[in-house]
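**Q** Listed below are the residues making up each chain.
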Amino acid sequence: MIIEHPLLGPRDAAEFVYLGDASLLDRPDWQAEDAAERFYEYGYLRDNPAGQHQELWYHEQGDRSWLVVTRNTVSHEITKVELARDVARERGRARGRDA
Amino acid sequence: MTYSAFRILKEGLTGNKGWTPAWRDPDPQEDYDVVVVGGGGHGLSTAYYLSNKFGVRNVAVVEKGWLGGGNIGRNTTIIRSNYMLPGNEPFYELSMKLWEGLEQDTNYNSMVSQRSILNLFHTDGQRDAFVRRANSMFLAGADAELADAVQLRKELPFLDFDNARFPIKGGLFQRRGGTARHDAVAWGYARGADMQGVDLIQNCEVTGFEIENGVCKGVQTTRGAIKAKKVAVCVAGSSGHVMAMAGMRLTIDSHVLQAFVSEGLKPVIPGVITFGAGHFYISQSDKGGLVFGGDIDGYNSYAQRGNLPVVEDVCEGGMAIMPMIGRARLLRSWGGIMDMSMDGSPFIDKTHIDGLYFNGGWCYGGFKATPASGYCYAHLLATDEPHEVATELRLDRFKRGHMIDEKGSGNQPNLH
Numbered sequence: 075m076i077i078e079h080p081l082l083g084p085r086d087a088a089e090f091v092y093l094g095d096a097s098l099l100d101r102p103d104w105q106a107e108d109a110a111e112r113f114y115e116y117g118y119l120r121d122n123p124a125g126q127h128q129e130l131w132y133h134e135q136g137d138r139s140w141l142v143v144t145r146n147t148v149s150h151e152i153t154k155v156e157l158a159r160d161v162a163r164e165r166g167r168a169r170g171r172d173a
Numbered sequence: 003m004t005y006s007a008f009r010i011l012k013e014g015l016t017g018n019k020g021w022t023p024a025w026r027d028p029d030p031q032e033d034y035d036v037v038v039v040g041g042g043g044h045g046l047s048t049a050y051y052l053s054n055k056f057g058v059r060n061v062a063v064v065e066k067g068w069l070g071g072g073n074i075g076r077n078t079t080i081i082r083s084n085y086m087l088p089g090n091e092p093f094y095e096l097s098m099k100l101w102e103g104l105e106q107d108t109n110y111n112s113m114v115s116q117r118s119i120l121n122l123f124h125t126d127g128q129r130d131a132f133v134r135r136a137n138s139m140f141l142a143g144a145d146a147e148l149a150d151a152v153q154l155r156k157e158l159p160f161l162d163f164d165n166a167r168f169p170i171k172g173g174l175f176q177r178r179g180g181t182a183r184h185d186a187v188a189w190g191y192a193r194g195a196d197m198q199g200v201d202l203i204q205n206c207e208v209t210g211f212e213i214e215n216g217v218c219k220g221v222q223t224t225r226g227a228i229k230a231k232k233v234a235v236c237v238a239g240s241s242g243h244v245m246a247m248a249g250m251r252l253t254i255d256s257h258v259l260q261a262f263v264s265e266g267l268k269p270v271i272p273g274v275i276t277f278g279a280g281h282f283y284i285s286q287s288d289k290g291g292l293v294f295g296g297d298i299d300g301y302n303s304y305a306q307r308g309n310l311p312v313v314e315d316v317c318e319g320g321m322a323i324m325p326m327i328g329r330a331r332l333l334r335s336w337g338g339i340m341d342m343s344m345d346g347s348p349f350i351d352k353t354h355i356d357g358l359y360f361n362g363g364w365c366y367g368g369f370k371a372t373p374a375s376g377y378c379y380a381h382l383l384a385t386d387e388p389h390e391v392a393t394e395l396r397l398d399r400f401k402r403g404h405m406i407d408e409k410g411s412g413n414q415p416n417l418h
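Top line first, the protein sequences correspond to chains A and B. So the first sequence is residues 75 to 173, counted in the working numbering. So the second sequence is residues 3 to 418, counted in the working numbering.
Read the hints as simulated data drawn from the structure, not as lab findings. Heads up, a few of these hints could be off.
Unchecked claim - Every beta carbon over 10 Å from chain B, so not counted as near; a handful from chain A, in silico:
no.	residue
1	D86
2	D95
3	D121
To be verified - Selected chain B positions facing chain A (in silico; Cβ < 10 Å):
no.	residue
4	V152
5	L154
6	E157
7	G242
8	A248
9	R251
10	D255
11	D297
12	G300
13	Y301
14	N302
15	R307
16	E318
17	A322
18	K401
Said to hold, decoys possible - Incomplete in silico selection of chain B near chain A, CB under 7 Å:
no.	residue
19	G67
20	W68
21	M344
This one's a predicted model, so the numbers in the text were calculated from it and none came from an experiment. Glycine included, each C-beta is placed from N, C-alpha and C at the ideal position.
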């Protein structure tokens, strides 16, 4: 698979380390009433869809950026690649700001 | 019809005209006591043990394609019970014992061959870990035998003992381990279940569950609705996709695992051999092909094909322990979809929906578990109590903090 890195252009997927579902960006509030339940869901439960999947890839053998890749799990076709930083900011999860 | 050597002789002398199909091809009835979703190895063995050991015969197996067309038809056929943790090892040892009696039990030649499995070690630390594992295996009644390099040099002279990076210091044998003819396992169970009246319904895909007020009352399929007192999902690989239809999220990611077979060679590798420093396992089939595999590709996938970097990685693992295979040509490679769970261990459990049961999360160890998986699932379905060796294989074990993590790699499915 070739991943179109937003900064570096087309890169071989073998340069990356795969983490999993991009929902891992949405860490729950540890002070919430139901934090234990939410951390269980965050840590262990996955949608695991057959089709479009947003997932985290780390460019370990490159510029060490985290990417959010939108990929079809049935065809392996990649339709969108974003910097995880930008996605997290869009979701209001940037460093130094409360979620 | 009972299969026997005498029967083969008689049919051979009379033009092979007396053979009949091994199972019927029935249409679905309106309702059943149990509907098993998934006609793979585990689904068929569940139906077999339900009907043959637990007396539950009003059973259907619904399969979206053909019997045994999933992972039972695309694995590396290894059977073993060399696990360590208490929640796992007794279960796999039950499976090993069922393998040993399988052919007599089902009256079907599954070509179970206890040709041994050997896990190589390459460091002193690894040897100590294997000693611990061997002791753990003894506790569950399994066999284990530690061999040093001197002994291995006599038995397996073709290994690269003096490899500069990963010298072979010895290995852990399980002599009772080995291989089985994977398709024949599915067919033997299918025939045995069919003979007890189980309906094996092919080309029948489940498209939804009938769930009313928290009770599952049947399934919708491409061949109409089927009512059932109990619905037993057994679709490892597609578990996430199927259970989503019941509104459930699982502690599972689906990944693709590739396997390979070389051209046919003269007998050279006597048993199953695994690499201890990378991930590589190999055996030689009765037709002579070297059957081998390694790691999963590592990203979520429902495509039954992988990518080239893993092919290279697997072949490098092979070259590191037995350079002699470097000139063998690769004949075929293929991919199968694995339910990779968060701790590398499976599930056989009820769900929170009454009447809906779940069996899955086999990672890439499902084949060896086929008999015990079916037996324990049938036990759960027939008695509503887990079998004594499967009490830890629960869906809620992450919530309770009782993971069965053989590798200790945490909730990262692609590392197990």
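**Q** With reference to the structure, classify each hint as holding or not holding.
**A** Going through the hints against the structure:
Once the 10 Å rule is applied to beta carbons, D86 (chain A) is inconsistent with being away from chain B; the minimum gap is 8 Å. Against the 10 Å criterion, D95 (chain A) falls within the reach of chain B, whose nearest CB is about 8 Å from its own CB. Annotated as non-interface, D121 (chain A) brings its C-beta within 10 Å of a C-beta of chain B; the closest such distance is 6 Å. Given the 10 Å rule on beta carbons, the hint for V152 (chain B) is violated: about 39 Å separates it from the nearest Cβ of chain A.
For the restraint placing L154 (chain B) at the interface with chain A, the shortest Cβ-Cβ distance is roughly 33 Å, beyond the 10 Å limit, so the hint is violated. About 36 Å separates the beta-carbon of E157 (chain B) from the nearest beta-carbon of chain A, more than 10 Å, and the hint is not met. For G242 (chain B), the interface hint holds, since its Cβ comes within 10 Å of a Cβ in chain A; the closest pair sits about 3 Å apart. At about 14 Å, the closest approach between the beta carbon of A248 (chain B) and any beta carbon in chain A exceeds 10 Å, and the interface hint on this residue is violated.
Restraint check, R251 (chain B) versus chain A: the minimum CB separation of about 4 Å is within 10 Å; hint holds. Checking D255 (chain B) against chain A by beta carbon gives a least distance of about 5 Å; that is within 10 Å, so the hint holds. Here the hint on D297 (chain B) is broken, as its CB sits about 12 Å from the closest CB of chain A, past 10 Å. Using the Cβ-Cβ criterion of 10 Å, the hint placing G300 (chain B) at the interface with chain A is satisfied: the shortest such distance is roughly 5 Å.
Nearest Cβ of chain A to the Cβ of Y301 (chain B): about 5 Å, under the 10 Å cut. The hint holds. Because the smallest distance between the Cβ of N302 (chain B) and any Cβ of chain A comes to about 5 Å, under 10 Å, the interface hint for this residue holds. With a cut of 10 Å, the hint placing R307 (chain B) at the interface with chain A holds, because the nearest CB-to-CB distance is about 8 Å. Hint status for E318 (chain B): violated, given a least beta-carbon distance of 13 Å to chain A, over 10 Å.
Against a cut-off of 10 Å between C-beta atoms, the interface hint on A322 (chain B) is violated, since the closest Cβ of chain A lies about 19 Å away. Below 10 Å, beta-carbon pairs count as interface contacts, and K401 (chain B) has one with chain A at about 5 Å; its hint therefore holds. For G67 (chain B), the shortest C-beta to C-beta distance to chain A is roughly 15 Å, which exceeds 7 Å, and the interface hint is violated. Hint status for W68 (chain B): violated, given a least beta-carbon distance of 20 Å to chain A, over 7 Å.
Checking M344 (chain B) against chain A: minimum C-beta separation of about 5 Å stays under 7 Å; hint holds.
Hints 1, 2, 3, 4, 5, 6, 8, 11, 16, 17, 19 and 20, counting from the list given before, are not met by this structure.
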